[in-house]
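Chemist: The residues making up each chain are set out below.
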Amino acid sequence: MFDLSLVLSGRYQELLLAGLLLSLELAAAALACALPLALVVALLRLAPVRPLRWAGSAFVESIRNVPLLAHMLFWYFGAPEMLPAALKQRLYEGNVEALSALIALTLYTAAFMAEDIRSGIRAIPPVQFEAGRSLGLGYLATMRLVILPQALRITVPPLISQTLNLWKNTSIATVIGVGELMYQAAQVESASFRSFEPFAFATASYLTVSLLITAVAAWYQRRYPVRTT
Amino acid sequence: MRDLIDTYGVYFLVGQYPRGPLGGLALTLLLAASALLLALPLGLALGVARLSGWRALRWPVTALVFVVRGTPLLMVIFWAYFFLPTLTGYKTSQFGTMLIALVVFDGVYLAEIVRAGILGLGKGQMEAARALGLSHLQALRRVVLPQALRHMLPSLVNQFVSTIKETSLGYIIGLSEVSFIATQINTEVFTKPVQVYLSLGFTYFALCFGLSRFAYWVEARGLRHAPPGVRA
Amino acid sequence: MIRFERVNKWYGSYQALVDIDETVATGEVVVVCGPSGSGKSTLVRTVNRLEPIQGGRIEIDGRDIHARGTDVNALRARIGFVFQQFNLFPHLTALQNCTLAPVQLGRMGAKEADELGRALLDRVGLAHKAGAYPAQLSGGQQQRVAIARALAQQPPLMLFDEPTSALDPEMVGEVLAVMRNLAKDGMTMICVSHEMGFAREVADRVLFMDAGRILERAPPAEFFLRPQHPRAQQFLADIRTPFAAG
Numbered sequence: 001m002f003d004l005s006l007v008l009s010g011r012y013q014e015l016l017l018a019g020l021l022l023s024l025e026l027a028a029a030a031l032a033c034a035l036p037l038a039l040v041v042a043l044l045r046l047a048p049v050r051p052l053r054w055a056g057s058a059f060v061e062s063i064r065n066v067p068l069l070a071h072m073l074f075w076y077f078g079a080p081e082m083l084p085a086a087l088k089q090r091l092y093e094g095n096v097e098a099l100s101a102l103i104a105l106t107l108y109t110a111a112f113m114a115e116d117i118r119s120g121i122r123a124i125p126p127v128q129f130e131a132g133r134s135l136g137l138g139y140l141a142t143m144r145l146v147i148l149p150q151a152l153r154i155t156v157p158p159l160i161s162q163t164l165n166l167w168k169n170t171s172i173a174t175v176i177g178v179g180e181l182m183y184q185a186a187q188v189e190s191a192s193f194r195s196f197e198p199f200a201f202a203t204a205s206y207l208t209v210s211l212l213i214t215a216v217a218a219w220y221q222r223r224y225p226v227r228t229t
Numbered sequence: 001m002r003d004l005i006d007t008y009g010v011y012f013l014v015g016q017y018p019r020g021p022l023g024g025l026a027l028t029l030l031l032a033a034s035a036l037l038l039a040l041p042l043g044l045a046l047g048v049a050r051l052s053g054w055r056a057l058r059w060p061v062t063a064l065v066f067v068v069r070g071t072p073l074l075m076v077i078f079w080a081y082f083f084l085p086t087l088t089g090y091k092t093s094q095f096g097t098m099l100i101a102l103v104v105f106d107g108v109y110l111a112e113i114v115r116a117g118i119l120g121l122g123k124g125q126m127e128a129a130r131a132l133g134l135s136h137l138q139a140l141r142r143v144v145l146p147q148a149l150r151h152m153l154p155s156l157v158n159q160f161v162s163t164i165k166e167t168s169l170g171y172i173i174g175l176s177e178v179s180f181i182a183t184q185i186n187t188e189v190f191t192k193p194v195q196v197y198l199s200l201g202f203t204y205f206a207l208c209f210g211l212s213r214f215a216y217w218v219e220a221r222g223l224r225h226a227p228p229g230v231r232a
Numbered sequence: 001m002i003r004f005e006r007v008n009k010w011y012g013s014y015q016a017l018v019d020i021d022e023t024v025a026t027g028e029v030v031v032v033c034g035p036s037g038s039g040k041s042t043l044v045r046t047v048n049r050l051e052p053i054q055g056g057r058i059e060i061d062g063r064d065i066h067a068r069g070t071d072v073n074a075l076r077a078r079i080g081f082v083f084q085q086f087n088l089f090p091h092l093t094a095l096q097n098c099t100l101a102p103v104q105l106g107r108m109g110a111k112e113a114d115e116l117g118r119a120l121l122d123r124v125g126l127a128h129k130a131g132a133y134p135a136q137l138s139g140g141q142q143q144r145v146a147i148a149r150a151l152a153q154q155p156p157l158m159l160f161d162e163p164t165s166a167l168d169p170e171m172v173g174e175v176l177a178v179m180r181n182l183a184k185d186g187m188t189m190i191c192v193s194h195e196m197g198f199a200r201e202v203a204d205r206v207l208f209m210d211a212g213r214i215l216e217r218a219p220p221a222e223f224f225l226r227p228q229h230p231r232a233q234q235f236l237a238d239i240r241t242p243f244a245a246g
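Residue numbers (our numbering), protein chains in the order written: chain A, 1 to 229; chain B, 1 to 232; chain C, 1 to 246.
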């Protein structure tokens, strides 16, 4: 009834593996771009200057409250139209689908990560800062030696959780035609008329990577637990 | 932009209703509200089961939670789409498929919220209730859950916001929710994709941001009006 | 009434109770004292099965409380337990805290429970606070409500796990007064407590525990004047002269 050999070798497997690989690449690229962006946005939201704080908030709220699917549709259908013709031409010659997906994923993930980073920094009691200063350490030194090391421990677990979400969110790129895992599973399904096997493969792949990411989180929390006074 | 709204405004809001099935923003809201309402009892049951003393209950539920949380929602929707007809015997509508997928998916996330809410209460309350002779279920019903649910209210509203965003995935199976309708409009108009998709984004923003603010208000109000002594 | 037979308990590899053999007679007031970590709280929590045991037997009125088929809820309804942290239900008033269990367990109707609750609150001196929520009460008042709540089940046995340890010093007296009255009325009580004055005045017997064992058992007069076991002597010395240089 269920013939897993269909997807464990041969052409169908090649397609599925190519999809899996693209999903992983998309997630990795988005993560690499989102983290620095998230840090910048978090610092904006904590800035002493009101316009900067407002800019950070606007970024976070306008992105978080719109579904990723709508983001992808905008970047794929809408954004290229705003470019000058020559640039648009070049874009369409390249992999516009993957680029749109990457931008959407990066912005979406960065918005959530920025919040986690901000929470992490804010979670350090202000007295810690006072304690550092009263020892004679300057502002930057206190930040570097006292605040940020503690904030890191608090921030990393939620960031790993967001990475898990990012991994699952790569599946949405299928709507704009990116050939990642979900797309390939659907392709195999329509080519072979078998739905169980390709979806089982895809589900297992998603679960395996999710398991790995969760294991990393558990390892981190055990190895670097949050030390409270 | 103005003529876009004039021509397609109603279509965007309610789809082809009344000359056809409900669609657009109205469908999005209906789907989200129904899904959350049905997911709540499921989430409550699963959350309590996750904390049960019986391994026979705890392990399968924990496994289910883990599997569902490690899988993209899109995958869950595909499973529902391709296998529900086989399971139930007749062809499930797109709305039905989406509804079931969302109920299962959100039920699991709600289970985690319930579990966190109960654990956050601390074991003193449960112990005191059990020490009086109340059974586990009585203690949950009369002592633990009333307190835990009150604390969970802001999280529940946030979950509703997430559910609204999740309805957008109905696009993939051709459900006429608001993102799908937007794309239909875009295909017809063709020359104004930026306006169409920015409007879509703005609609979601207004809805979700508004609800998040409501969640804040609920939380603040809960703190002000709670019977004195309910720990914030 | 209560009998411990070779009771042993472990938390993982740590043994919390070692070969406990003891009997508490009906109407007796027993105070259990000893240093931190001696197992006193653990011991008292095994009586209503808040803590399981791995070896030995515990009998109440001749019946093994761990026997198969024992209804643990029925057992607990017959034992009153007072916690160090009070654990009142914050979403209910003082009166509702008292009436919850009797009504839920079907032992009496709402009206009856109400009357009983008020009578008990009166007994602990808090009749005027029946409609107050725990957050509106002081620590001493909360603990007294907790005692009334435990008494609402009309149990023949009361267990106290360091009932005054979480209280500010000026409120300790009011709680001890309630406990003294209970003892006078003939209640069987096991109290884990540091309050030596209370033990001296009210207890029929003092049990001294250390490292999971009962090292000494004696009437209070004897225990405080002539402790036999070296650890007990050390303990009493430490309590009396906390600032004595080593």
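Careful: at least some of the hints might be erroneous.
[What the hints assert, rightly or not] So the derived label-pair ranges between C-beta atoms look like this:
| no. | chain 1 | residue 1 | chain 2 | residue 2 | range |
| --- | --- | --- | --- | --- | --- |
| 1 | B | Gly122 | A | Gln128 | 19 to 29 Å |
| 2 | B | Ala45 | A | Ala55 | 19 to 29 Å |
| 3 | B | Met1 | A | Gly177 | 21 to 31 Å |
| 4 | B | Val67 | A | Glu14 | 45 to 55 Å |
| 5 | C | Ala166 | B | Trp54 | 47 to 57 Å |
| 6 | B | Val189 | A | Ala32 | 52 to 62 Å |
| 7 | C | Lys111 | A | Ala58 | 34 to 44 Å |
| 8 | C | Asp122 | A | Arg153 | 46 to 56 Å |
| 9 | A | Arg133 | B | Val189 | 22 to 32 Å |
| 10 | B | Pro21 | C | Gly69 | 57 to 67 Å |
[Said to hold, decoys possible] Some residues of chain B that are not near chain C, with every Cβ distance over 12 Å (derived):
| no. | residue |
| --- | --- |
| 11 | Phe82 |
| 12 | Glu112 |
| 13 | Gly133 |
| 14 | Lys192 |
| 15 | Val194 |
| 16 | Phe205 |
[What the hints assert, rightly or not] Covered by chain B, per the in silico footprint, the following chain A stretches (three or more residues, Cβ under 8 Å):
| no. | segment |
| --- | --- |
| 17 | 61 to 69 |
| 18 | 199 to 208 |
Honestly, the hints are just simulated from the structure, not real lab data.
All C-beta atoms, glycine included, are put in the ideal place defined by N, C-alpha and C.
Chemist: Would you mind marking each hint as holding or not holding in the structure?
Modeler: How the hints compare with the structure:
1. One distance hint, 19 to 29 Å for the beta-carbon pair glycine 122 of chain B and glutamine 128 of chain A, holds here, with the actual separation near 26 Å.
2. At roughly 44 Å, the beta-carbon separation of alanine 45 of chain B and alanine 55 of chain A lies outside the given 19 to 29 Å, and the hint is violated.
3. As the Cβ distance of methionine 1 of chain B to glycine 177 of chain A is approximately 28 Å, the hint placing it in 21 to 31 Å holds.
4. A beta carbon spacing of about 27 Å between valine 67 of chain B and glutamate 14 of chain A contradicts the range 45 to 55 Å that was offered as a hint.
5. As the Cβ distance of alanine 166 of chain C to tryptophan 54 of chain B is approximately 33 Å, the hint placing it in 47 to 57 Å is violated.
6. A beta carbon spacing of about 37 Å between valine 189 of chain B and alanine 32 of chain A contradicts the range 52 to 62 Å that was offered as a hint.
7. Take lysine 111 of chain C and alanine 58 of chain A: their Cβ atoms lie about 60 Å apart, and the range 34 to 44 Å is violated.
8. Separated by about 53 Å at the C-beta atoms, aspartate 122 of chain C and arginine 153 of chain A satisfy the suggested range of 46 to 56 Å.
9. Distance hint for arginine 133 of chain A and valine 189 of chain B: a CB-CB separation of about 60 Å, inconsistent with the stated range 22 to 32 Å.
10. The hint said 57 to 67 Å for the Cβ distance between proline 21 of chain B and glycine 69 of chain C, and at roughly 59 Å that hint holds.
11. Listed as a non-interface residue, phenylalanine 82 of chain B keeps its Cβ farther than 12 Å from every Cβ of chain C; the least gap is roughly 46 Å.
12. Even its closest Cβ contact with chain C, about 23 Å, leaves glutamate 112 of chain B beyond 12 Å, as expected for a residue assigned away from the interface.
13. A beta-carbon of chain C is positioned within 12 Å of the beta-carbon of glycine 133 of chain B; the least distance is around 3 Å.
14. No beta-carbon of chain C comes within 12 Å of the beta-carbon of lysine 192 of chain B; the shortest separation is about 55 Å.
15. The claim that valine 194 of chain B is not at the interface with chain C holds, since no C-beta of that chain comes within 12 Å of its own (minimum 52 Å).
16. At roughly 37 Å, the least C-beta separation between phenylalanine 205 of chain B and chain C is larger than 12 Å, which holds for a residue marked as non-interface.
17. Counting residues of the segment 61 to 69 of chain A whose beta carbon lies closer than 8 Å to any beta carbon of chain B gives 8, which meets the minimum of three for the stated coverage.
18. Residues of the segment 199 to 208 of chain A with a Cβ under 8 Å from some Cβ of chain B number 5, which satisfies the need for three, so the listed coverage holds.
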